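A.B. asks: Order-wise, the sequence lines are chains Z and W.
So in the working numbering, spot 94 of the first sequence is number 94, and the numbers just go up one at a time.
So in the working numbering, spot 119 of the second sequence is number 119, and the numbers just go up one at a time.
Since no wrong hints were added, every one of them can be taken at face value.
A partial selection of chain Z residues facing chain W, derived with a Cβ cut-off under 7 Å:
| id | residue |
| --- | --- |
| 1 | G31 |
| 2 | A32 |
| 3 | T44 |
| 4 | R72 |
Distance windows between CB atoms, simulated:
| id | chain 1 | residue 1 | chain 2 | residue 2 | range |
| --- | --- | --- | --- | --- | --- |
| 5 | W | C118 | Z | Q61 | 49 to 55 Å |
| 6 | W | N69 | Z | M10 | 17 to 23 Å |
| 7 | W | S34 | Z | F95 | 35 to 41 Å |
Stretches of chain W that chain Z covers, calculated by requiring three or more beta carbons in the stretch to come under 8 Å of a beta carbon on chain Z:
| id | region |
| --- | --- |
| 8 | 37 to 45 |
| 9 | 55 to 66 |
Hints were generated in silico from the structure; no laboratory data involved.
Just so we're clear, the structure is a prediction, and the values are computed from it rather than from any experiment.
Each residue gets a CB set at the ideal place from its N, CA and C atoms; glycine is no exception.
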Amino acid sequence: MGKKDTNVRMSLQTLRVLEAFLENPTVQLSGAEVHHRSAIASGTLYPILLRLESAGWFVSQWESIDPSSAGRPRRRLYRLTSTGLTRASEVFASFNRGVLA
Amino acid sequence: MSRRNERWMESEMDGVFKWLIHHAALQAPESLSSRLEEEWLADLECRYTALSRLGLALGCCWATVVIVNEFSRVQVPAASPVVATKGYITLADRNFGYFSLRSGTLFLILGLHAALFCGLVTTLSLTSGLATQSDLPNQVLNPVPIEVTVLPGR
Numbered sequence: 001m002g003k004k005d006t007n008v009r010m011s012l013q014t015l016r017v018l019e020a021f022l023e024n025p026t027v028q029l030s031g032a033e034v035h036h037r038s039a040i041a042s043g044t045l046y047p048i049l050l051r052l053e054s055a056g057w058f059v060s061q062w063e064s065i066d067p068s069s070a071g072r073p074r075r076r077l078y079r080l081t082s083t084g085l086t087r088a089s090e091v092f093a094s095f096n097r098g099v100l101a
Numbered sequence: 001m002s003r004r005n006e007r008w009m010e011s012e013m014d015g016v017f018k019w020l021i022h023h024a025a026l027q028a029p030e031s032l033s034s035r036l037e038e039e040w041l042a043d044l045e046c047r048y049t050a051l052s053r054l055g056l057a058l059g060c061c062w063a064t065v066v067i068v069n070e071f072s073r074v075q076v077p078a079a080s081p082v083v084a085t086k087g088y089i090t091l092a093d094r095n096f097g098y099f100s101l102r103s104g105t106l107f108l109i110l111g112l113h114a115a116l117f118c119g120l121v122t123t124l125s126l127t128s129g130l131a132t133q134s135d136l137p138n139q140v141l142n143p144v145p146i147e148v149t150v151l152p153g154r
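Work out the full structure: start from the sequences and follow the hints.
C.D. replies: Okay, here's the thing in structure tokens:
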């Protein structure tokens, strides 16, 4: 597929995930932190994160730590892309207007 | 329960949770399997209560089912530090409406139970209506003559 399709199914859980990121769009969050902020069950959360990543709304990378010195495994961190930020803002703006984008 | 037994129990349960996550990740698409396992094991370390850890482990099993369903043709370059999102199929064509797959399943089960309950109530009310009429008149029954026949020889 040459061009990414940035359309994502908007469920309530997806909105809650986006809301967690929109509080500070530059922040990188792990799945555990998103779970803590949005209180979404892991069985729903991880497919949403992958779905948004595959749509180009998120990018993810491994945490840049040394697991042996940190004493814990490295986490996978997600953050909003510029496309994701734009689209998520549009979605929430459309909710304020009463129209779903 | 002694301190030693508590520790033993915690380590055993921790092993079960990790096995569940490992098993769940193995069921995921090959390109995502190792990434998901490492990600989920790292997130497991952020859960402190046994119940929460169990919830994460079972959630990962469910997440795998959803991911396999949705990402069966996806090829994510998991080894790259920043995942490039080019070259794989998105989920936009898998539109289940406003509910997630799990919520949809829950609503389906609830709907089936509600339909079954309504069907039973409706059928029972119809059956009881046929069995008993509401406007039964009071009638005095005439005494039935009883004929006593005496058998010969008694």
